[in-house]
Amino acid sequence: MISQTTEGAPPSSPTGVVSRLPRPSLATLMPYLYVAVLAVAILFIEPALIDGPGAVDVRFSAVFPLAIVAFAQTLNLFTRGIDLSIGGTISVTTAILAVSGSVKGPDAYLELVGMLGLGIVIGAINGVVIAYSGLQPFLVTLATWTIWDGIALAVLPIEGGSVPAPATNLILGSVAGVPKSVLCMVALFVVWSWLRHTRFVRDLRAMGSDAERARLVGVRLFTRTVQCYAFSGGCAAIAGVWIAVQEASGSPTAGDEYILTSIAAVVIGGASIFGGTGSAAASMIGAIAYLMIPDLIAAINISSFWSVFLQGFLLIIAVTFSALVIRMRDRRTA
Amino acid sequence: MSALIDRGRRYRSTLIAYGLVLVLFIIGTVHSPDFAQWVNIRTLLVYGSFIGIIGFGQTLCILTGGIDLSVPWTLTGAAVLSSVLLNGSDANFVPVCLLVAGLAIVVGLVNGIGVAYVGVPPIIMTLGMNGALQGLLLVYTDGGISSSPPQGFVNVVTDQVLGVPVILLCWIVVAVIAIVVLSATAFGRRLYAVGTNASAAKLAGVRVQRVLLVPYIVSALGASLAGLLLMGFTGQAFLTMGDPYLFTGAVAVAVGGTSILGGSGHYVGTIAGALILTLVSALLPLFWTSAAGVEIADGLILLGAVYAAGRRARGAGPGRPRLSLPGLVARAKR
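Respectively, the protein sequence lines represent chains U and H. Position 101 of the first sequence, counting from 1, maps to 101 under the numbering used here, and the rest follow consecutively. Position 44 of the second sequence, counting from 1, maps to 44 under the numbering used here, and the rest follow consecutively.
Rather than coming from a laboratory, the hints here were simulated on the basis of the structure. Treat the hints with care, as some may be off.
Far from chain H, by Cβ distances over 10 angstroms, these chain U residues were calculated [stated by the list, open to error]:
#: 1; residue: Gly150
#: 2; residue: Ser162
#: 3; residue: Ser279
Short, incomplete list of chain U residues facing chain H, as computed with Cβ under 8 angstroms [as the list claims (entries may be wrong)]:
#: 4; residue: Leu142
#: 5; residue: Ala143
#: 6; residue: Val175
#: 7; residue: Ala264
Stretches of chain U that chain H covers, calculated by requiring three or more beta carbons in the stretch to come under 8 angstroms of a beta carbon on chain H [to be verified]:
#: 8; region: 32–42
#: 9; region: 193–199
#: 10; region: 283–289
#: 11; region: 292–299
Glycine is no exception: its CB is placed at the ideal position from the N, C-alpha and C atoms.
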């Protein structure tokens, strides 16, 4: 990896920040390949897991919260940041929703909007602290994760509660025969196909690629950092609401498992944790691949504990592969 | 000149950390006079020992710009494996210990090879390793463990030598080794050189990749030692025993003033970090009776401690998001 110091001369034009980004390569196709291989394997062994009645709805309902936090985490990684506090945000929103089971009518919709607002505020606080203090996002969000997990514990000391009926009706079920979970997943991909061309995402990539150069070409680092983490908080709140509705109850630690899995999904999707590169769509595909592993294990009919091993193994394979691709590309261009 | 300034700053953040230890201790003593009794101090030091022993490897990893997130399941693995293999008898103690140490070296080597030779980001490599180990252990134990460690071993671990608990003695030995290695050996200087600027270190004749292997091996060995001691201390091995140690070691290192960007810091600071974390978790329940309050205060103190200790680790100025967990790859690419 030391040979990578022999990278080309810095681009002279300001737009060079963006044009320096790597071209699509074999690595970008890998997450799709993982999903394809897993899907073929499952279809071959136990097709009912994929084409059985309601199977798709069940799969997509389970994948959606991981997909949306992986989406947000991708943007954080663009800036070389990371957001561990999504765990706390998910826990808090899930907990609040679970203790408000008696809320009825329009108030319930108002509460959902309030949850989204809360998530955005939580994220914005992270962004302000990170941008203002210059501390590592890893450490800042580790601390705020603990704080919000504590608040979740105060709201809902033990697992349980019930979720307002209007929220359940809003998220569960199907529209014109298509499960809402599928529609929501499609919506995420549509949002990304729009977002990826916006100034916002270009700025985030530029910040992660070279913050100083990005500042010089006019990226407002403070604002963009706050916006990025606010977006992350909002996504985590949506995930929290989704989880509460799916479980029909809440848990003060509901979000903790999404912290490491969201990073895993992003990495399986091929994004670099060193900023600038990656695609939220690939990260969401990574999330799908990650959650297909338990299905494969169930299909093979061996101990479900193997899925934990295979998930870790897939992570190492994915990341080793992209590291090797980068090395080969650098050797070619050197 | 800049080296001198750097050294001065290094001492400053270490002093801040020890000042915090003192303040926390005084708060405890003021709140309840029993706090300053040797029995209580001894208990605190024993709890701190586990973090401190894990903190050695973690300090080395972080000094090179890496991190080891595979600590929890390496720790659990060492305890569970030895508990199962010993099966309540001291007969095979030495061979089992050698086997556990050998496996720890393998785990560390795989992590280190992935990071140093393949170029996988440390956070992802060790995260994947953690998952893979978790899976293997769950499969190995089938999700539960019933054997208990041999009584002779438990007696030794919970014993005292001249009034000093054996666990604390182990920490003292580890601490002496750590300080000597970092301050008085050629390897220590190479480690700082690699952490500060890998390319420059390579040009200066340091075999960078070989140096990068060591921290992960030390970390795995330290985690295994902590696992064995924790098994003796609690009188049993269980599958969640490593969970609290996912970020604890890294947080102790950061609170102790070591830059999470690598290259500066010392184990002397990590000792203070381990003591701060132990004191905080001992003090908080005295002031907040609810678990939620403890967790919220924990997060706030963590944020404050990291801010106080880590100001030096800032980026070029406010609003500049920096690498969350940089590895050599990004460093060398710059």
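Hints and how they fare:
no.	hint	verdict
1	Gly150	3 angstroms, violated
2	Ser162	21 angstroms, holds
3	Ser279	17 angstroms, holds
4	Leu142	6 angstroms, holds
5	Ala143	4 angstroms, holds
6	Val175	37 angstroms, violated
7	Ala264	7 angstroms, holds
8	32–42	violated (count 0)
9	193–199	violated (count 0)
10	283–289	violated (count 0)
11	292–299	violated (count 0)
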